[in-house]
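Both chains come to you apart, so use the hints to assemble them.
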Amino acid sequence: MNFEFSDEQQLLREQARGFLTEHCPTSAVRAVLDGDQDWDAALWQKVAEMGWTATVIPEAYGGLGLSYYELAIIAEEMGRSAAPLPFSSSVYLASEAIQRFGNEAQKSAWLPRLASGECVATVAMAERAGRLALEQLETRRGGSQLSGTKVPVADASVAEVAVVLARSDAGLEACLVPLQQAGVSVEPVLTFDTSRGHSSVTFDGAEAEVLGETTLNPEDWESLLDGAAVLLAWEQLGLAETALTQARDYALQRFAFGRAIGSYQAIKHKLANMYVKNTLARSNAYYGVWALSGGSDELPLAAATARVAAIQASTYAAEENIQTHGGMGFTWEFDCHFYLRRAKLLSLAIGSEAVWQDRLVSALAAQSAAA
Amino acid sequence: MDFNDTPEEARFREEASSWLAENAPTDDAFRALSPLEQAKVWQKRKYDAGWACIGWAPDFGGRGASAIEEVIWRQEESQYDLPANFFLIGQGMIGPTLMAWASDEDKARFLPQLASGEEVWCQLFSEPAGGSDLAALRTRAERDGDDWVINGQKIWTSGAHYSDYGVIVVRTDPTVPKHKGLSYFYIDMKAPGVEIKPIKQLTGDSDFNEVYFTDVRVSDSQRLGEVGQGWQVSLTTLMNERAAIGGSFGQMDVSLAMSVAAEVEIDGRPAMEDAAVRARIADWYVQEAGLKYTGYRSLTALSRGALPGPENSIGKLVGAPKMQAMSSYLMDLLGASGAIADEALAAKAGIIQRAYMGAPGLRIAGGTDEIMANIIAERVLGLPQEPRLDKGIPFNEVPTG
Ligand SMILES: Cc1cc2nc3c(=O)[nH]c(=O)nc-3n(C[C@H](O)[C@H](O)[C@H](O)COP(=O)(O)OP(=O)(O)OC[C@H]3O[C@@H](n4cnc5c(N)ncnc54)[C@H](O)[C@@H]3O)c2cc1C
Ligand SMILES: Cc1cc2nc3c(=O)[nH]c(=O)nc-3n(C[C@H](O)[C@H](O)[C@H](O)COP(=O)(O)OP(=O)(O)OC[C@H]3O[C@@H](n4cnc5c(N)ncnc54)[C@H](O)[C@@H]3O)c2cc1C
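As you go down the protein sequences, you meet chains A and B in turn.
Just so you know, we're using my numbering here: the first sequence kicks off at 1 and counts up by one.
Just so you know, we're using my numbering here: the second sequence kicks off at 1001 and counts up by one.
It should be emphasised that the hints constitute simulated quantities derived from the structure, not laboratory data.
One or more hints might be untrue.
One-sided and incomplete, this derived list gives chain A residues near chain B with beta-carbon spacing under 7 Å [as the list claims (entries may be wrong)]:
{"hint": "1", "residue": "L190"}
{"hint": "2", "residue": "A266"}
{"hint": "3", "residue": "Q323"}
{"hint": "4", "residue": "G327"}
{"hint": "5", "residue": "F330"}
{"hint": "6", "residue": "T331"}
{"hint": "7", "residue": "W332"}
Don't be surprised by glycine CBs; every beta carbon is placed ideally from N, CA and C.
This is chain B alone, in the form it adopts within the complex (with noise of 0.2 Å):
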């Protein structure tokens, strides 16, 4: 064990940060982009570069790094304030699910478009009926021939208006048990038959929509895994999304906190001086580094060889519900100002405050904290699942309420 580099680690991050001050763009005319525009030109630049997916293989357009350089990249990255979350679902859940299942020649035509960010991949999993529950999705796909045909409606589905390619998971057969009827494909997010809905969010912003689809004609070989395998193929895609989204949420970490009680005053003395706001930051240290630990014990595990386990579940766990609690005791720290939204008014320009409004979807996506919670409970301590009146039985004939 040692927590300082190595002196080969310390030269791949001299290498990584040097090659970031000379090309991680600040210009006017980039922030004048759009902020998908922003990530596609800063994504690109990356990938010329060889400095995109690091830990992909070459073929892939990555440079075969080991998981601890993934880490010296990610925190060299992580000083400039560049966008990235475009790529999250697509580089962190898709690509390592193509890597696991498409042939040879998908992962050829796809995996280099979505490192070097040409082609933005959505994740087509939730459904109305199915979300916790995502093996009670009721959308069809009927073999025609060489084709499959999908009717039904996903939600929910983050991007699926930028988006180029999405994977989705149907039901290809209802009258087997409900994980066993399920497929996987790929799909073209043009293709006919496809609509695409914004949903508003309590933000008030439409990241996530409705996707509708009507006769929409997949080709076989889009196929991933065998025909009923689609809850196998899914796991390897959730299992790694707790890999990608972790613990880390935007900007509502300690050094804010920090920066906050040093400008805000408590009987005229600074809030930092204040025991119960101290003790508060030292809560939220802990769960910071604690994370942060853990993550990196993990990636020394997946750089043996491990794949991703349900124990990953323990960084949104944590780290949603702290977004949450941190935020809402930053607004209190505030005051009545706390209210106060407006970008150009309100203390470190409204980031507290739209973190809280966003904390409640953090602890939604992905896996609620409740399912977070059983995942733990379940399999990594072995308790039994509550009683289930789903299991074992045709899925046209599970109770729906």
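Excised from the complex, chain A in its bound form (with noise of 0.2 Å):
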């Protein structure tokens, strides 16, 4: 056993994190919550540059083969600065699900595209408001033609192509769709968190290939899923600890009654149990990715358990990086908000806690099961 990342992998986190403090300070996320643009295009770059769009890509199609180890590491990097870009849409979730249940034709055309970072692409699930129910999707494919609605789709605006899922007469599918045509027509859409773009996607005969070209079974896109929450995962752990991270600065340097507000337990212990929540959700992280480089089929309870994990840290710490900064915390000015956005915005992707929560569940009662 061994719980502890290489040489090689700590070296790239401090590579990412030198890169991305440099590159991404807090004013570039700023820039994309108060304007009018859905990411920061010139950051995408300097990030494709340094090949980690590429990541677990492999060789063949242009990417560098390396493991979600280092995936996870960037991912982490990439919440810690709270990157206004589409980095988990592309990357965690359309990449993997080419790569997964592309045939070659597909992956040759899109894989070195999406490596090198000149192509963005996104995955469009939801439809309507609650639990995604993927016997009732109601986009529907017919021949080389799909029509439906997707809201709210992540990154469509800045992406090009979207992986998009579906039902024809055969079942449910994962429809390849440029997203630059016709029969697409892409709508902003407000939410909570500008930093990330998101839009209303209607396909009105768009022409889409079915990924693959065949059926998609359930279990696939599941665990499709339970890699991206993984993923997520670290991301979140990333923005929880930047949450903690100022949360302690401020309660050093505030002083109330004479004291460092610090000094109170009650805002110690406040400290303290975001410390205690982002350890158990860095730890489970930890497996998680452990399972998903191995291809263990411990991966369904793992990504459960870190996904389930890293929500109730993020949302804990940002929310409670808030309270500890008092009126500031709650001006648009301190940088405060910009975590407690993005946290929830990942907690709601992907299924939100209790459907993770659920998961666990049946993955430690189907193991208990089998043993």
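Below is the structure:
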């Protein structure tokens, strides 16, 4: 057994952190949050040059062929800086879907361009409020044409192509749909985190091809989400760590009643609770990325555990960081709210806490039935 | 004890509800007004008919109604979607402070205008260096003949930008221990030297402000309480803040939760049938009902002449975190679309998302969760304070970091 990252991986972390500190300061997040842009296009360019979009794409398709450990490290740093990028959509979800479910031609067509970052992709799943129910999807494919509406779709406004969950007479499918075509309209949708663009995407007889030219086994889609859950957990962990660091720094510097507020147990215990949740989330994220890298059959349990822990840690840290800052934390001008928005946004993507608690217990039950 | 109306109360409820039915404005012309204008129009209409600040004495613009009648009135009025928050600070906190501390002339001059909504008031307490530690405030007032000259800065002043008057706590003597060197005044917000700068909040709105004072002159007759008695006067305001804010937070209540749970499905069945969802709703109801009845119990005590006490801190301590937890959970139920804030597309026109972004402010405004818990521990349960470095020494010698 070995519970630590390798030296090279630690080096990658330092490099990633240094890079994002320089190129993604909080002013960059603020610029996207405040402005009309849906992403920081220049930052994406630089991130692509670093090879991060290529991390786990096989070398045969222009990728670096590295492991999920490396990607987890990058994900954590992305979270730490709340990067205004479509990284989770394009890298954890869409690239993975094409790699897992695409046929040779589809992989050759898209993966090299996703690896180089010249193409951004996203995944379109939700159609209405509530849990995603695969058997109830109303987006339909007939022949090479797709019709239906997906909302909200993260990052659709900056993506060239989307992997769209749909149904045909044959059953569930993941369809590859270029977004710049006549049959597709992408309308902006306001969310509480405008540092990531969201859209309503309507397909009206859009040209679409089925990934892998065959129906999708729901378990395979869930397995894709397990992988994304692990990587999102690392990203949320990064958010939670920044929130804790900010809270700690402020607690040391802010005085009330003649003492640093960090000297009051109410604040101390709050920060200690953040640390505890972050540590549980980190250790569960280690377990998750180990299961993901090795293709372990423990992945469903490990992924659900990592995701639930990360949702809890990141929302708690973000909420209590604001609380620690008092009135200052409630201003637009302080950065505390970036982490609240992003932590909640990522908590709602790919199924919220209760969905994953449910999956966690199902995975536990399956495991004990098998034992 | 009786949770039902007495015949007399039932008659009062009937009178209130029929007046509301005839007079509550719902027309398009009213809806086209800005929220502040709506609030003023409605407040004036109530005032003219004797339904404003009904618990206040008739001389001050009320009708001397009992505390129970106030509850009944609030219940009936809350069935209409009418703006009221603009007057919460003035009528809920500053009115009672004026009643307790102002001269008879000032009461007669200001209270009716406060009740009618023709004059709006704000609370100039918090400063950059004094929020929870209010008594650490630094804004100075120096005596100059019959006047005082104020210099300094306030922050987080809700509604300063639309207020006519404000109450302010200032330091009149920095050489004595912090609580002893404070005095309390009311001021004209349009006075020369008062400068108001809006602060953008996390929600994107700007409801609160920084207020700068440069050589602002106020007459000594605008002082409430003695020189050096500002802390006691402030406590009157703060205690009434508890009673005024209470535990009811906008529309984040169990009926909203039930309505979302009825509309959204889990595994093909309404979320209302899901045991985990039901358990959450039950927990929130327990909190809501507990707060409501705690409020009624303290009103009964008030009606027997008690002053609002530190036990009122429970309302905000329960209500604000509940608002945060409930809005977070309801977004979870909505799934990915829980992130949508666009009024036209979001479930419940986006009020859940707005509540989640607003809740952190309510956990801080009017005394943070931590301060509310300290008040309960120290003032209700009698536990000792944590060791203090700021007590018993002159204010200008207190450590400031
Ligand atoms: C939406 C909003 C509206 C407001 N409106 C007004 C207004 O109209 N007028 C006005 O005067 N003020 C207003 N305020 C200010 C409000 O009263 C203060 O923000 C609040 O009292 C906290 O003070 P602070 O911001 O300085 O935080 P701080 O006092 O610096 O607190 C920072 C953190 O330290 C904690 N802390 C401080 N002391 C202790 C202790 N002894 N033990 C444990 N923890 C402690 C706090 O709980 C908090 O978590 C408003 C604030 C908000 C957010
Ligand atoms: C925004 C805000 C809202 C607040 N709301 C309330 C409230 O609703 N109820 C409340 O009790 N306090 C309230 N307080 C005050 C709170 O109880 C603490 O007194 C304050 O936060 C810490 O002040 P201190 O330690 O400087 O004063 P302390 O050391 O607590 O008190 C200073 C002096 O005031 C006296 N004093 C303090 N509280 C009371 C009281 N309740 N009755 C009589 N004398 C008192 C003390 O005996 C002492 O002489 C509020 C404070 C803030 C900042």
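How the hints compare with the structure:
1. L190: holds, 4 Å
2. A266: holds, 4 Å
3. Q323: holds, 6 Å
4. G327: Since the shortest Cβ distance to chain B is 5 Å, the answer is holds.
5. F330: This hint holds: A/F330 lies near chain B, its Cβ roughly 4 Å from the closest one there, short of 7 Å.
6. T331: holds, 6 Å
7. W332: It holds, given that the least Cβ distance between A/W332 and chain B is near 4 Å, below 7 Å.
Taken one by one, the earlier hints all hold for this structure without exception.
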